[in-house]
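Residue numbers (this note's numbering), protein chains in the order written: chain A, 117 to 317; chain B, 117 to 317.
No lab work stands behind these hints: they were computed from the structure.
According to the in silico footprint, chain A covers these stretches of chain B (three or more CB under 8 Å from chain A):
| no. | stretch |
| --- | --- |
| 1 | 146-160 |
| 2 | 243-251 |
| 3 | 290-303 |
Here are the simulated lysine to aspartate or glutamate pairs, EDC-like style, with alpha carbons at most 16 Å apart:
| no. | chain 1 | residue 1 | chain 2 | residue 2 |
| --- | --- | --- | --- | --- |
| 4 | B | Lys119 | A | Glu276 |
| 5 | A | Lys168 | A | Glu243 |
| 6 | B | Lys119 | A | Glu260 |
| 7 | A | Lys178 | A | Glu141 |
| 8 | A | Lys180 | A | Asp223 |
| 9 | A | Lys124 | B | Asp256 |
| 10 | B | Lys124 | A | Glu276 |
| 11 | B | Lys118 | A | Glu260 |
| 12 | A | Lys220 | A | Glu253 |
| 13 | A | Lys124 | B | Glu253 |
| 14 | B | Lys119 | A | Glu229 |
| 15 | A | Lys178 | A | Asp139 |
| 16 | B | Lys124 | A | Glu253 |
| 17 | B | Lys180 | B | Glu253 |
| 18 | A | Lys124 | B | Glu276 |
| 19 | A | Lys119 | B | Glu229 |
| 20 | B | Lys119 | A | Asp256 |
| 21 | B | Lys118 | A | Glu229 |
| 22 | A | Lys180 | A | Glu253 |
| 23 | B | Lys118 | A | Glu261 |
| 24 | B | Lys119 | A | Glu261 |
| 25 | A | Lys119 | B | Asp256 |
| 26 | A | Lys118 | B | Asp256 |
| 27 | A | Lys118 | B | Glu261 |
| 28 | B | Lys180 | B | Asp223 |
| 29 | B | Lys124 | A | Asp256 |
| 30 | B | Lys180 | B | Asp139 |
| 31 | B | Lys118 | A | Asp256 |
| 32 | A | Lys119 | B | Glu276 |
| 33 | B | Lys283 | B | Glu261 |
| 34 | A | Lys119 | B | Glu261 |
| 35 | B | Lys168 | B | Glu243 |
| 36 | A | Lys119 | B | Glu260 |
| 37 | A | Lys118 | B | Glu229 |
| 38 | A | Lys118 | B | Glu260 |
All figures in this text were calculated on a predicted structure; none of them were measured in a lab. Ideal placement from N, C-alpha and C gives every residue a C-beta, glycine not left out.
2 protein chains.
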Amino acid sequence: MKKSSGAKLPVYPTPVWVVGTYDNEGKPNMMTTSWGGVCSLTPPCVAVSLRKNTHTHGYIVKHKAFTINVPSEAHAREADYIGITSGRNLDKFAATGLTPVRSKLVDAPYVGEFPLNVECRLIQTVEIGQHTQFTGEIMDVMAEESVIGVDRDASVLGTEGIPDIEKVKPILYVPQVGTYHGIGRNLGRAHSIGKTIGGER
Amino acid sequence: MKKSSGAKLPVYPTPVWVVGTYDNEGKPNMMTTSWGGVCSLTPPCVAVSLRKNTHTHGYIVKHKAFTINVPSEAHAREADYIGITSGRNLDKFAATGLTPVRSKLVDAPYVGEFPLNVECRLIQTVEIGQHTQFTGEIMDVMAEESVIGVDRDASVLGTEGIPDIEKVKPILYVPQVGTYHGIGRNLGRAHSIGKTIGGER
Chain A
117 MKKSSGAKLP VYPTPVWVVG TYDNEGKPNM MTTSWGGVCS LTPPCVAVSL RKNTHTHGYI
177 VKHKAFTINV PSEAHAREAD YIGITSGRNL DKFAATGLTP VRSKLVDAPY VGEFPLNVEC
237 RLIQTVEIGQ HTQFTGEIMD VMAEESVIGV DRDASVLGTE GIPDIEKVKP ILYVPQVGTY
297 HGIGRNLGRA HSIGKTIGGE R
Chain B
117 MKKSSGAKLP VYPTPVWVVG TYDNEGKPNM MTTSWGGVCS LTPPCVAVSL RKNTHTHGYI
177 VKHKAFTINV PSEAHAREAD YIGITSGRNL DKFAATGLTP VRSKLVDAPY VGEFPLNVEC
237 RLIQTVEIGQ HTQFTGEIMD VMAEESVIGV DRDASVLGTE GIPDIEKVKP ILYVPQVGTY
297 HGIGRNLGRA HSIGKTIGGE R
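For reference, chain A alone in the conformation it holds in the complex (with noise of 0.2 Å):
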């Protein structure tokens, strides 16, 4: 029998990710959210809200840039430093012993020793309720060469150079109960499972 949460937010399952941005001097900040995901396949987009009160809000504003960088289950603990303090009078890079490397492509710096590095160009800026939705064309990902390479069958399934999910270990986050969880085990694979279901059952 189904029973009413009411109008919040348990919407499972939600990331922890972490925006990094370069301030108004130029020095790299982090923050982090799990208020996003991707609202595009082309070009390939990410969004993330912010509320405007945040610190990264004017700075993604001012550098039309920010990365998207996707923490290992190993940096849970930085990932939730980096989101329950605040850049005005904090390095949280010095803080956490992270460092910040300046992308390639756009004005904001990424996390080195998270696996994987998103750089997004600002595209696109909605208002929504006390959050302001950035959307970013990913520009470049950058992934450590440790967690490239998804099975044996790669260059059959033309996976080569992708990383691993199971070797990124990414973090989830649950609304409202305040709990991260890691990813577990491989239910199969997409566009293919579903095929004997219908016509061919």
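Guided by the hints, dock chain B onto chain A, whose structure is given.
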């Protein structure tokens, strides 16, 4: 060492969500997408991006409503099927044996068997490349009773009545690679595990 993957979409993790709508004749329809995410907290909103040539695109425009249905691992095959078939000549509910349930608050059906159903009222439409991004204000979340109740500390933590992600067992999609994954282990409490970094370390 970092390696460029190019301007593509290995942004992890992305969700597997089934979007429920009524068609032009009022018959229930659904499609699967991984292009979406939370985009506002106040009011609670979620966005999904659909190509203009999908049937669901027109149905959302017509009814100004949609549901986000979160399949459980047990429904991975159905979710895949819903993603690879078109509602043009097919009743996907009949084919999968899933049950459309009329939402109380919005003009869209939800999937009875999926553990989490999010009822959304369309509040904004944004064009991005070949996709249209539909922003829905969450009017209610329906959860299967068996997935509600997070842990023994629910009354202390204020999480009574909230679905437990470890019971919901939502599915992740890996762009480009084309695999589905489950969720994994609890990595700790948000706004907490990072406190040991910095001043307190």
